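Order-wise, the sequence lines are chains Z, P, B and S. Residue numbers for the first sequence, in my numbering: 1 to 357. Residue numbers for the second sequence, in my numbering: 1 to 357. Residue numbers for the third sequence, in my numbering: 1 to 357. Residue numbers for the fourth sequence, in my numbering: 1 to 357.
If you are wondering where the hints come from, they were derived from the structure by calculation, not from laboratory data. For clarity, every value in this text was computed on a predicted model and none was experimentally measured. Please note that the accuracy of each hint is not assured.
No copy is singled out in the list; a pair is fine if it fits within one copy or between any two copies.
Below are the SDA-like pairs computed for lysine to any residue, each with C-alpha atoms no more than 25 Å apart in a straight line [to be verified]: (1) Lys197 to Ala249; (2) Lys49 to Arg60; (3) Lys49 to Asp193; (4) Lys93 to Arg59.
Protein chains: 4
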Amino acid sequence: MSFNTFGRVFRFSTWGESHGPAIGAVVDGCPPGLPISEADIQPFLDKRKPGTSKFTTQRREPDEVRILSGVFEGRTTGTPISLMIENTDQRSKDYSDVAKAYRPGHADYAYDAKYGFRDYRGGGRSSARETASRVAAGAVARLVIPDVDIFAYVSEIGGDAIDYARFDASEIDNNPFFCPDPEAAKRWEQLVDGARKDGSSLGAVVECVASGVPAGWGAPLYAKLDSELAAAMMSINAVKGVEIGDGFAAARLRGEDNADPMRPGADGPEFLANHAGGIAGGISTGQPVKLRVAFKPTSSILIPVETVTREGEASDIITRGRHDPCVGIRGVPVVEAMMALVLADQKLLHRAQCGGD
Amino acid sequence: MSFNTFGRVFRFSTWGESHGPAIGAVVDGCPPGLPISEADIQPFLDKRKPGTSKFTTQRREPDEVRILSGVFEGRTTGTPISLMIENTDQRSKDYSDVAKAYRPGHADYAYDAKYGFRDYRGGGRSSARETASRVAAGAVARLVIPDVDIFAYVSEIGGDAIDYARFDASEIDNNPFFCPDPEAAKRWEQLVDGARKDGSSLGAVVECVASGVPAGWGAPLYAKLDSELAAAMMSINAVKGVEIGDGFAAARLRGEDNADPMRPGADGPEFLANHAGGIAGGISTGQPVKLRVAFKPTSSILIPVETVTREGEASDIITRGRHDPCVGIRGVPVVEAMMALVLADQKLLHRAQCGGD
Amino acid sequence: MSFNTFGRVFRFSTWGESHGPAIGAVVDGCPPGLPISEADIQPFLDKRKPGTSKFTTQRREPDEVRILSGVFEGRTTGTPISLMIENTDQRSKDYSDVAKAYRPGHADYAYDAKYGFRDYRGGGRSSARETASRVAAGAVARLVIPDVDIFAYVSEIGGDAIDYARFDASEIDNNPFFCPDPEAAKRWEQLVDGARKDGSSLGAVVECVASGVPAGWGAPLYAKLDSELAAAMMSINAVKGVEIGDGFAAARLRGEDNADPMRPGADGPEFLANHAGGIAGGISTGQPVKLRVAFKPTSSILIPVETVTREGEASDIITRGRHDPCVGIRGVPVVEAMMALVLADQKLLHRAQCGGD
Amino acid sequence: MSFNTFGRVFRFSTWGESHGPAIGAVVDGCPPGLPISEADIQPFLDKRKPGTSKFTTQRREPDEVRILSGVFEGRTTGTPISLMIENTDQRSKDYSDVAKAYRPGHADYAYDAKYGFRDYRGGGRSSARETASRVAAGAVARLVIPDVDIFAYVSEIGGDAIDYARFDASEIDNNPFFCPDPEAAKRWEQLVDGARKDGSSLGAVVECVASGVPAGWGAPLYAKLDSELAAAMMSINAVKGVEIGDGFAAARLRGEDNADPMRPGADGPEFLANHAGGIAGGISTGQPVKLRVAFKPTSSILIPVETVTREGEASDIITRGRHDPCVGIRGVPVVEAMMALVLADQKLLHRAQCGGD
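Pulled out of the complex, with its shape left as it was, chain Z reads as follows (with noise of 0.2 Å):
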């Protein structure tokens, strides 16, 4: 069954199709009296925008939001938002290759055997373009959960890391990566630039931190607040692993070093370190959440690969078009879209069990 709505009592569901004439996100459960506009969410919806660099796609989406619901007076009225994208540079190419054989790393095989069946037009709705419906309903989010500061950068390109040491969270919107070091940035430029000429791509890792998000959020045990947000974090495009707080780090630490330490702090406990990365036993400590995210390389590449066609006829192919060298990249502001999903779902949830404003 297609399951296209996420989230338990704050909820959105997203429709659409790289190719059709627009895509779009039905938000759900939204609070009502909350000030809103278009331009509350166009600046998130601007900054996933592809064609902002070399480093991203040349496809050109104006993508502008119009909201076509739930909003009255300039006010969220607790009826669901309506948000659509409408589609507007789907040029007219020939998708025959993509018809006939199955691009490896997409999805083109795994949808014609379960739907036996697929649009495959720009991937159709396995497209990343289907993020943006994500980016519009995480700018809602956000007004969900104003005391809570969301934000994302690429802290590793085509295994290239950045030095924690020089990390600046003011340089992120500086350069085309979302990068914190500047100085890493200034490598990327070259390698995302290299791979893109050599018709490859690279992986990237995104980090994402959420500040202010009070203790005690999370819906122990099948909705826990890290449950959630690996669910999705691994619903993105290109998204291959998860890992809150240490992660995989924290595998190879001893129980002394994984501890997060508590002192008595001016209001309730102050922690020492944050492994855990802001939650414990599902449920939020106060601490900042903090999460990293593995993006793959971009599947459609240059180079020829080996593939079989739909008739089962051996064949070789290259994806032509206008794609992302490195997904990850793009997909900073769709792992901020949603963490402030989650966390705002998370936030109502809580207080229906817990009562509280």
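Fit chains P, B and S to the given chain Z structure using the hints.
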């Protein structure tokens, strides 16, 4: 809100605390007519059972499961299957330390922050004891997917990894670590025993493989197979990271190296690699589904850690009791169970939408 | 929490207000490969369309549906089907009366009490206009259950019932009341027109029959077929009662009179009566599924009713505008749509658990 | 698919068959800190308990509830509350008749058609015995809504209705029929006893009132308060109809007579009538929530009814055993429980979206 149910159509709910009279699971949506008895479930519980070696907790629970409903004349009826495991070894120990102060790394503080209140005996609901219910439910799930073979093993403890060149699946059950590399297993004896004697603990990495999954399972976009698996694994106590296929390593590959080329095979495409872990676009490809899970070191250690009391006073805490020096070891049957539960659910979801048996 | 989604695996969500730019539905979980175009949906919308006779509201909306996603080369792809209907006849009228005072029988006061705020233009989200989205979604549902024949009709207006001895299904579309009894239809012309001229309104009873439903659909216990139908019908604006089969009349029968005896038939048991309305234990029996729905009289009337303003002042209100004198009439296609939506969902649920097809 | 869970955030699942070892419910999402013990639940079970008069089944079950989880030191912890009731009076009788032939009006044929298989002992999962689990869960729900007063009563048996002029709520518990009219109660003794002696059975109408529900509960559109109530009531065994407020009678009123006028009151608007049953637009208005439920006559009767065997042979069947001559009577505490369960859920949903305590 507390969500103690997992799954979309094949669903299970668990209940129970480590020191209450019993724990249990209710499995809902199981197909009718499957032959089943306690004997189909007990071996999986025995595999997870504490007290089987000095490398796991010395708590002794027979963990005998009873089927209370949903089965008639040895077959599932299609109605809820209620499974109950009585708690028998609830040693009347002194929990006043835990009641008073928060154990770092545990859910103590988070539960108090959320609920204003917690059952502090042995971790209460946040105890790993709950995972016995999952293992029982997972045994039912396996009956739904008889053609799928699932096995997990420990690939790394405390940073000491197996050598894949020595990988031998038949070794997994020959040592107390579920280790497929007999030499690593030997090293781990000392490693784990040393940590235990130090009153410390170690993390671990568990890997799981499901073969026999046909192409086409997975419910894009927000119940993608990998997204569901990530949620399932991250809901297990002490898990901090999940990778599908190559996971974070994929982020360091170039596109042409990460591709899983295909060529014509006897029964549809044959894949020449499996970097993707058997999932593309959230749908199974017919290759083995592979994932890795990071377990942090057990938080209960005998080495004092700085903490605060419920009243906000500074304190040191050591967690006496019968704890696993490496909780990841007993995570193996739990990871397998969650894999089975997700796959059973996805199988039924697939046939809901796409038909077939 | 606002739940604007209905269904378990074949699910639809609706969005939109009567006076926003558009309304719509997203249908999720539709099986792939079904031939579909706007032409399959439009006739159902036309049936519900306002302004077709003097017995329905004079608001004129073309109610043209557009398919925005989920369809490729004329067939469903298995991905979400986004349906949009633009609002065109949003007469720029004066809503200051409604903004200031609560219309008794309407959701005005309840929405304000819940949300502290409401879109008062034409009822906003609580307007019966939303039901156009359901009718569109219902047209898709019908494609999922091609062997099921669904039809509804009005059996009673303002207490004046049809004579079942004159029941003629072919008459239903021959009069503006969806009335299967031509003599009743004639009487109703005067009745409804009289109410309209008085500025008053009338209630109605709608009956719906689905034949061709095989035995075995229904998901006991809390998604029983009758329970789902009751929820579906009671979610329609102005509905105050639902009966399955004989409904309240069954409460006046003795056991032996209410029994539906069976005898051997060509294809399994043949029933000699259908008091149960085709459902036993929440599961279809193979007989026609039958239900009755009570619509209250339209709350918007030109006769002044005592009320209070938002500021708590006493006031009288009359609801000017273009209203249906008997909202039950246009409820007919909505009841049919909800029947189709429930049955499509239950069909897929059934095959999820029990296989087949 | 079998859905044995009800509710959105305050949720309960039931399990168990009439002739298995036990039945039970798991209540999930209950707010923490509520004082609770078995003594809070038992009185409601006692009210429903069989064998208390000759007008109900002579099956004798003590129906003693045990709390197995979710409670610590006499208070709810916010984790799942597992409730178990052992089956003790499973008379080892001969079910070969029921195994062989389908009892008309029962779920026998439908279960076989769906699952190919059924637990025929005493109705198995479709037995009204399951409702004991609901009553237990409902007792927990009442703790969540302490300011709401819920009571139900029988208003009609076998077509013989109470006289509302003699309505006296204090009489409800003074007779075996939960009848608020002592004269009707007297008549019903003969009526019900007569049916019992004839081996026949009678239907009934149960009415339920919840006062103290504040304005604003209800989750439009597809979890409207009335829609949820309709689903809840229609899921009870033998229920064939549900009315909110005036229900079908409203369909016979003119708009001005069905209006519930308002005037200024001490605490917000005061309503001058309650045709709507306390719900408008799916949201509570602050008036008492009122509904009516139709129970068909018990299908188990001693009068032979024509039927078929599993093998398709013609047969007559009479249902021996200890049955309620009027199952609606013992439906009273079940209707109350479902009302409580829906209201508790809607309270928590409301505060999820709109905040407040």
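Going through the hints against the structure:
Within a single copy, Lys197 and Ala249 get their C-alpha atoms only as close as 34 Å, which misses the 25 Å cut-off; across copies the closest is 23 Å, which meets it. In this assembly of identical chains, the alpha carbons of Lys49 and Arg60 lie at most 25 Å apart only when taken from the same copy (8 Å versus 39 Å across copies). Proximity of Lys49 to Asp193 under the C-alpha cut-off of 25 Å is restricted to the intra-copy arrangement: shortest distance 19 Å within a copy versus 54 Å between copies. In this homomeric assembly, Lys93 and Arg59 come within 25 Å of each other (Cα to Cα) only inside a single copy, at 12 Å, whereas the closest approach across copies is 44 Å.
Hint compliance for this structure: every hint is met.
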